[in-house]
Each structure stands twice: as C-alpha cells, then as structure tokens.
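**Q** Sequence:
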Amino acid sequence: MNERFNKDGGYIGLMEWILGERTGQWMGFLTRQVMESASGFLEAKVMLSNKEMLAPAYFILGGNKTSGLYQQGCVITRAREFVVDVWDMESANGWYILETNYDHWSAPLFLDDRRTPAHHCMGNMTQQGVSIKGLHNVLSSRPVLNKLTTYTALMQVDSGHLEVWLQYCPDPCIPW
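Note that numbering that gives the first Met the number 0 has the sequence shown beginning at 0, numbered continuously upward.
Hints are supplied without guarantee of correctness; some may be wrong.
[To be verified] Below are the DMTMM-like pairs computed for lysine to aspartate or glutamate, each with C-alpha atoms no more than 25 angstroms apart in a straight line:
1. K146 / E89
2. K6 / E35
3. K132 / D84
4. K132 / D170
5. K50 / D102
6. K6 / D111
7. K146 / D111
8. K64 / D111
9. K64 / E20
[As the list claims (entries may be wrong)] What follows is a list of derived Cβ distance ranges for each label pair:
10. L13 / S130: 16 to 26 angstroms
11. L161 / K50: 36 to 46 angstroms
12. S36 / E2: 18 to 28 angstroms
13. S38 / W175: 36 to 46 angstroms
14. N5 / A37: 37 to 47 angstroms
15. G19 / H160: 11 to 21 angstroms
16. T125 / M154: 33 to 43 angstroms
Read the hints as simulated data drawn from the structure, not as lab findings. Glycine included, C-beta positions come from ideal geometry on N, C-alpha and C.
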C-alpha cells in the first residue's frame, strides 16, 4: 500500500467516520482481510478495488503466476469510494511496475520526481538481476527514499518471504 495524496483525503474520511457519516474500511484492516481471505490474485484485485475506504491509496499487488503474456502485477489507484484506475503490469514496462505516490498517468510534482531515478535504477538492475536485495537498494536510494518514507516492505509471494524495514533518510535528504 502506498499513500495517495488527494484533497479528498484521509482526514476527511476519518472525520466522517467519527461523525458516523461514513462506513468505509481502514486500509490496514482491508489489507489484512485480503491477505487472510483472498484465494488468489484475481480475488485480491477485486476486493481491493471494490471496498469503500476511509482514505485514498495505491495498492501494489503481485501474484505468483504468469500465463503467456499475462503477469500477475498491478497498481490499483483508489479514491475513498471507488477505484480510479487499475494499471496492469503488461501495460507498464512489461517486467516491473513502479509506483511513487503519484498517479501513473500524470507527471510527478517537479520537486518530487522519484519516478525517473527509480526507473533508471530498475533499468540498471535488469530483469535478470532482480532480487530482494536489489529491490531494497532501489527503494533505499535517494531520491526514491525521502523524509516521508516510513517503511519498506518486500514480499515474494511464491516463497512466502517477507522483509520489512523502518526507513530513515539522514540529512541531507529531501523532505518529500
């Protein structure tokens, strides 16, 4: 999950929930529910796309199967009430999909273009060089890592491997 900055954001959803005007789910509880109950990639994709939530978000979802050209990877762009976009891996770069807190169809804020350096790092790593360590290095390199980065989680679905790190970007580090 990745935060999606939006003027109709989480604070509004939280206030509406406190006032009893909203019944959306907390992202953490929805994510847990999906991990505990989805029978596979497609069911998880549907669950993350259809539940009303308290805040907008990006869900980065990966599966463990590839059949033909179809690869199980997508970014689900969510508003609080509905899915905005589902960006499948095959329409991205083919072997990876990259999300950096901005809608993929829009240019990132000029002060916060982490997307271009991240694509550069992925290209240097190459598909043959992909590993947990390599992905951690991409996500821990500046400016991909910044003061707003709180944690990095890497999961390998087919083996059940999970690594999570609290992140800290020592100065000099951009604040966003």
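**Q** For the pair supplied as a hint, K6 and D111, is the alpha-carbon distance within the 25 angstroms limit?
**A** Holds. K6 to D111 sits at ~18 angstroms (cutoff 25 angstroms).
**Q** Measuring from beta carbon to beta carbon, are S36 and E2 in 18 to 28 angstroms?
**A** holds (24 angstroms)
**Q** Taken at face value, is the distance from the CA of E35 to the CA of K6 at most 25 angstroms?
**A** violated (31 angstroms)
**Q** Taking 36 to 46 angstroms as the stated bounds, is the beta-carbon spacing between L161 and K50 within them?
**A** violated (23 angstroms)
**Q** Is 37 to 47 angstroms a correct range for the gap between the Cβ atoms of N5 and A37?
**A** For N5 and A37 the Cβ distance comes to about 25 angstroms; the hint is violated.
**Q** Between G19 and H160, does the C-beta distance stay in 11 to 21 angstroms?
**A** Given about 41 angstroms between the Cβ atoms, the range is violated.
**Q** Measure nothing beyond the straight line between the CA atoms of K50 and D102; if it is 25 angstroms or shorter, mark the hint as holding.
**A** holds (20 angstroms)
**Q** Do the alpha carbons of K146 and D111 lie within 25 angstroms of each other, as the hint requires?
**A** holds (12 angstroms)
**Q** Between the beta carbons of S38 and W175, is the distance compatible with 36 to 46 angstroms?
**A** Given about 38 angstroms between the Cβ atoms, the range holds.
**Q** CA of K64 to CA of D111, is that 25 angstroms or under?
**A** violated (34 angstroms)
**Q** For the pair supplied as a hint, K64 and E20, is the alpha-carbon distance within the 25 angstroms limit?
**A** Between K64 and E20 the Cα gap is close to 40 angstroms, so the pair fails against 25 angstroms, i.e. violated.
**Q** Within 16 to 26 angstroms: is that where the Cβ-Cβ distance between L13 and S130 falls?
**A** Violated: the Cβ-Cβ distance is about 38 angstroms, outside 16 to 26 angstroms.
In the structure shown, a violation is registered for the earlier hints numbered 1, 2, 3, 8, 9, 10, 11, 14, 15 and 16, in ascending order.
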